[in-house]
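Trainee: One-letter residues, chain by chain:
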Amino acid sequence: MYATETALTGGSTRVSSWMTEATSDNDNARWSVMMAAAQQGDEQAYRALLGELAEVIKRYMISRFGYYDQVEDCVQECLLAIHRARRSYDPKRPFKPWLFAIVRHKAVDSFRGQRRHQASSLDLASEEELAISSQEMEDQLTQGQLIAALSPDYREAITLTKIIGLSSAEAAARLDISEGTLKVRVHRAIGRLKSMLEAEHHE
Amino acid sequence: MSDTDKLIDRLSTGLEQARPLPNIDLMAIVWLLASALYVVAIIHLTGPIRPGAWDQLVTTPRYLIEMIFGLAAIVFVSLAAFRAAVPGAVSKGFARWGLALTAIWIGSYVVGLEYPTLEPSMLGKRHSCFHETLIYSIPPMIAGFIIVRRLYPLRPITTALGFSLAAGMLPALYMQIACMYSPDHILQFHILPAAMVGLIGAAAAWPLLRARL
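Protein chains in written order, with the working numbering: chain A, 1 to 203; chain B, 1001 to 1213.
Some hints could be false.
Said to hold, decoys possible - Chain B residues, not near chain A, derived (Cβ > 10 Å throughout):
#1 I1024
#2 P1087
#3 L1123
#4 S1128
#5 L1151
#6 Y1152
To be verified - Pulled a few chain B residues facing chain A out of the computed Cβ check, cut under 8 Å:
#7 L1026
#8 T1060
#9 R1062
#10 I1104
#11 S1108
#12 L1154
#13 T1158
If you are wondering where the hints come from, they were derived from the structure by calculation, not from laboratory data.
The beta carbon of each residue, even a glycine, is placed where N, CA and C say it ideally should be.
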């Protein structure tokens, strides 16, 4: 049984005050112990661990990509992946590289996978409403370090297709470029995001 | 209660034990040793090895070095492939070592086309060495899939390409002792099927591994 409930309570408080990359060695060791307990079937430790990680992952996503609607979905995807992968974690190894390898992978996956999630509502929206929505969205996204680091062409392409949810044809028409060009920009933007995430890891 | 909280509740309620697997490097070494023993045994069981091949290892240092590079390439490629099945366990630098050693090993036969290590000869030729290399690689490749399916390869195609290539390189390397020595024959009949096994493994990764992520 995982016996450090007080540490868990303290940990939850601390989660809200630090950025993901600044997690201390203590957190790393504590998560490792919690996951080891979870591997033995300790529900309480696992629940506490996932609760903390959900916060950490959310902060990680927002700091990199800005706030967008799918952050919560991506956090849930990460939690599911952590659950499926939990057997692969070796308690003798540090926890953070294992965790963030999964999170990075799911973050990129989430950008690859988002398609027309808002299309039904946007189909009915006027051009003006869409323009406002797009601008607000972009403002929120550019708070994310990695999205902000993309070139304007790539950032627009990603925002319109993967965040706002326009089809390739709609986004291409909006940007006044061909659909082929738009698809290339989106593909390259995702590749660039992936490279930046991996570069962070190797720094 | 948010959707995330509900998910956490669902995942943690009735949590089953999930014993961690043994150290990934240990698993890779065990797979490699078992595969190597199997390959050596089956090659000896299915035909004689080239007369004088062991003596050549002692008398021709370049031949020995060639074999050592091949073995080192297999070890690095195997370790990198299995580590890649555990999130965050493999570094790019380590994987590059595997690629570099493989390139040096294959490169030595390309150089050998012009400056052969041993006098090219038909002595010891095995008539089905291409098919032997291909077929003998399959059980280690299947074993690799069985092991990796229990893990969590974030890049399933690269992972499967790695251990399948290593599975192919094992008989390909031992054929340099068991079969005739001639660089063009080695490249065409030993190394080409090994590369094909790597590609077969990569192709099989999508249905066998990707669906589990």
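Trainee: Going back to the hint list, which numbers does this structure go against?
Mentor: Numbers 1, 2, 5, 6, 7, 8, 9, 10, 11 and 13 - these are the hints that the structure violates, sorted from lowest upward.
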